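Novice: Numbering that gives the first Met the number 0 puts the first residue of the sequence shown at 0, with every later residue one more than the last.
Simulated from the structure, these hints should not be mistaken for laboratory data.
Model, not experiment: these values are computed from the prediction.
Glycine included, C-beta positions come from ideal geometry on N, C-alpha and C.
Hints are supplied without guarantee of correctness; some may be wrong.
[Said to hold, decoys possible] Ranges between beta-carbon positions, derived for each pair:
1. S47 to P23: 22 to 28 Å
2. A81 to A34: 47 to 53 Å
3. E139 to A20: 18 to 24 Å
4. E57 to A20: 26 to 32 Å
5. G106 to G242: 37 to 43 Å
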Amino acid sequence: MPAWVCVRCGVQYPDTAAPPASCPICEDEREAVPAEGQRWTHTAELGSDHRTEIRTEEPGLTGIGVTPAFGIGQRALLVRTAAGNVLWDCVPLLDEQARRAIDELGGLSAICLSHPHFYAAHLEFAAAFDAPVFLPRADEQWIPRNSSRIELFDDEIEPVPGLTVARIGGHFDGACVLHWPEGAQGRGALLTGDTIMVVEDRGWVSFMWSFPNLIPLDAETVTGIARRIGRFRFDRVYGGWWGHVVLDDGAAAVHRSAARYVERLRGVRP
0 MPAWVCVRCG
10 VQYPDTAAPP
20 ASCPICEDER
30 EAVPAEGQRW
40 THTAELGSDH
50 RTEIRTEEPG
60 LTGIGVTPAF
70 GIGQRALLVR
80 TAAGNVLWDC
90 VPLLDEQARR
100 AIDELGGLSA
110 ICLSHPHFYA
120 AHLEFAAAFD
130 APVFLPRADE
140 QWIPRNSSRI
150 ELFDDEIEPV
160 PGLTVARIGG
170 HFDGACVLHW
180 PEGAQGRGAL
190 LTGDTIMVVE
200 DRGWVSFMWS
210 FPNLIPLDAE
220 TVTGIARRIG
230 RFRFDRVYGG
240 WWGHVVLDDG
250 AAAVHRSAAR
260 YVERLRGVRP
């Protein structure tokens with residue numbers, strides 16, 4: 000029986016004889032069911048006309064995407080450290096090219112995910128590389144497939160020594176970021192998915208409850224996000240899509256973006 004994949008969001012659901020009646024993640028107000036209705040594919044079908052794309056983002060960091068773009072179109076990030084490799088976020092397809100590339104880079108010690116929209120085929124990756132999946136307890140209700148590989152945490156965890164995954168909330172209650180101190184040539188990098196969204200003007204970021212439905216967050220939540228990442232040293236911010244990167248001055252970009260966001264909410268104009 001195939002593992003069903005939602006065509007809209009790319010999240011993989013359990014193996015059943017027939018596809019699920021609906022995708023709870025897309026029915027939530029932070030996503031959307033397409034106008035033509037819920038559609039499903041499965042892993043074999045997806046692999047017949049899509050493939051993974053592997054790119055080096057910087058030394059120690061490899062991007063894994065799917066081409067042609069599928070679902071939300073995100074790419075995952077493989078962080079390599081002396082203590083082990085961590086896959087940050089996930090994509091809907093694990094093909095032979097991705098398996099070989101990850102094997103050649105040293106496999107996976109852990110998988111961590113920013114929020115449910117990027118869960119994708121995380122359990123397929125976990126099984127292939129015998130890796131645990133760390134998820135925040137605050138988002139437990141959104142887990143689409145149960146597995147003994149999933150380990151829940153509350154506010155913070157080190158998937159391998161030297162890397163920190165911190166729950167900062169906002170987009171989802173359990174929305175997380177990953178801090179990589181050795182990234183950006185030792186200046187530090189923050190991997191955010193779209194918990195903190197790198198926008199078109201690459202010197203800025205933004206924050207939303209729903210991106211497709213354009214529902215903003217409140218001022219208190221945005222201020223809290225900026226405060227929670229204040230203890231991390233980082234110069235670079237990696238968002239959830241190819242090219243969505245703040246290359247330098249990343250910490251300042253997050254804080255000035257949060258301040259601008261709150262000012263606009265309060266009616267302050269430039």
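Novice: Can you let me know if the beta-carbon spacing of A81 and A34 is within 47 to 53 Å?
Specialist: Taking Cβ atoms as reference, A81 and A34 lie about 49 Å apart, which means the hint holds.
Novice: Okay, S47 versus P23 on CB: inside 22 to 28 Å?
Specialist: Taking Cβ atoms as reference, S47 and P23 lie about 27 Å apart, which means the hint holds.
Novice: Return holds or violated for the Cβ distance of G106 and G242 against the range 37 to 43 Å.
Specialist: 27 Å, violated
Novice: Does the Cβ distance between E139 and A20 fall inside 18 to 24 Å?
Specialist: Given about 21 Å between the Cβ atoms, the range holds.
Novice: Between the beta carbons of E57 and A20, is the distance compatible with 26 to 32 Å?
Specialist: With Cβ atoms ~43 Å apart, the hint is violated.
Hints 4 and 5 from the list above are not met by this structure, while the remaining hints are.
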